[in-house]
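Peer 1: With chain A's structure known, arrange chain B on it following the hints.
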Amino acid sequence: MSSHVDGNALAGPLSEVFHTDMTTAVCCCDGCGETTTLASEMVYGAHGLVVRCRSCDDVLITIVETPERVVLSFPGVSSVSVERGAPSA
Amino acid sequence: MTDWLVGTVTDVRTETPTGRSLTITVDGWPGNLAGQHLDLRLTAPDGYQAVRSYSIASVGDGPAVQLAVDKITTGEVSPYLVDDVLPGDQLEVRGPLGRWFVWTPEDTRPIQLIAGGSGIVPLIAMARAHAASGSIVPFRLLYSVRSPQDRFFADEIAALESDLFRVDYVYTRSAPEGWATPPGRVTPERISAATIPVSETPGVFVCGPTGFVETVARALVDLGHEPQSVKTERFGGS
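So the protein sequences, as listed, match chains A and B.
For the first sequence, the positions run 53 to 141 when our numbering is used.
For the second sequence, the positions run 190 to 427 when our numbering is used.
So here's chain B without its partners, still in its complex pose:
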């Protein structure tokens, strides 16, 4: 049984116009693998409770857990986390959770990461774990966002980029000036052009809104990837 723990918000950063990252320091947190999530529980003064799952951006030991949250304006929990929470506030969490959508350095396959919006969160944890472990397996990230300012962890991703971690962006609404491709959603052609080819039998991790994940997963299988090599995490939404 995984117990609820009380964490204290220790850092808050604006990441995008609608999203921010939060660091929560949780006494008793046992550390986590790259890709795991936690459940976060808010309790209203009248006792009403809301529980939501959030992927963890941080990886490894220690009591500090980093999340990144994009605001769903009609949501019950994300507007509070993005607009209202301040350092010193307390939140209840349960975790780490899930051992399926995880990457560990023992996995020696080439790895393709594909993120839509805040779906980058568990994938940045994998990129951080890859860099920290000194793993020499090739990683590649395809990151779909509305516009350049909607990128979470943009500076860190740029700093991590190397021969062993290639990064490609798809801009769906507005691209930087001079960008080679016009803005548009991910298509099978774009996926094929900017991902590790089937011939290298990569492991693939896809995370994002449900519609995005299903489009991408279908395209990957159509390209010839084995369904078992494509792991997906849907967070609902549009």
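Chain A on its own, in the form it takes in the complex:
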């Protein structure tokens, strides 16, 4: 992949961990305060994924998948808000 994509591409990897579709969740960037749906953020990488704030480019989330585990870290997210009862896909 020669260019970044957007948070829509996280739907599959995150479906392994969360039971609702996380791309419609609203994230608040700890760096600049930008608040938007995860689908609108920028995503880099192919094997490990790095999610960056669309506004200030800070790293919000990293996702590393191994055969046995999915490792999520949230270095730049101050909150994630998920609608109750949201469908899985």
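No incorrect hints appear here.
Derived CB-CB ranges, DEER-like:
no., chain 1, residue 1, chain 2, residue 2, range
1, B, Glu281, A, Pro139, 17 to 25 Å
2, B, Asp273, A, His71, 31 to 39 Å
3, A, Gly97, B, Gly236, 19 to 27 Å
4, A, Cys108, B, Trp368, 39 to 47 Å
5, B, Asp296, A, Leu124, 27 to 35 Å
6, A, Phe70, B, Glu281, 17 to 25 Å
7, B, Ala233, A, Val123, 20 to 28 Å
8, B, Asp296, A, Asp109, 30 to 38 Å
Cross-link-like lysine to any residue pairs, in silico, SDA-like; alpha carbons within 25 Å at most:
no., chain 1, residue 1, chain 2, residue 2
9, B, Lys260, A, His99
10, B, Lys260, B, Gln338
11, B, Lys260, B, Arg335
12, B, Lys260, A, Ser55
To be clear, the hints were calculated from the coordinates, so they are not data collected in a lab.
Heads up, the beta-carbon is just placed ideally off N, CA and C, and yes, glycines get one too.
Peer 2: Here is chain B on its own, set in the frame of chain A:
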């Protein structure tokens, strides 16, 4: 958790010189909304796996899922899907995925669709859903392609065209003979001239290569569209 399902390729069609559509019949597929995607996983004999996301052109219930893929010559997965896959072959898929870049008939805003190349795929699903639902909200499509033969779903788009579904093309490299505008990329002027105006507060869906999407989204916001009314899906590439 969304499980991996095994699908069987049941139809393959050449759409453009570098792209084709595939229909995969997937037992257990729950149906999908217009604009959703799936993840497709290929496994090599040595166990190496590659996963890619593909938008879904089909919409609604039933086990048949249609994708359309443009070949990235340096890619790992798309050359296989465009050049090698045959009916009867099996592919692993996971989905449907994503509930953000979707259109449902409950949305009563006018809708502007803007596609670059194979970015038409989720947008044709929306046009199909619009036609199938009998929705009377106006739809309009602006479709940017290199040349007339690079249009995916050209005959179907022509058949869907109506007062409620207007279609405009931008040709970036070669236009049909007698075409009013010389070939060139989408510009703010072209977008302004061939899309639903801001005054009608449309919802806008933009899908295509990352550079295309970012150019178009910036132009739309500059024209006065609210950023929240512009939904984008980037598939990377050039």
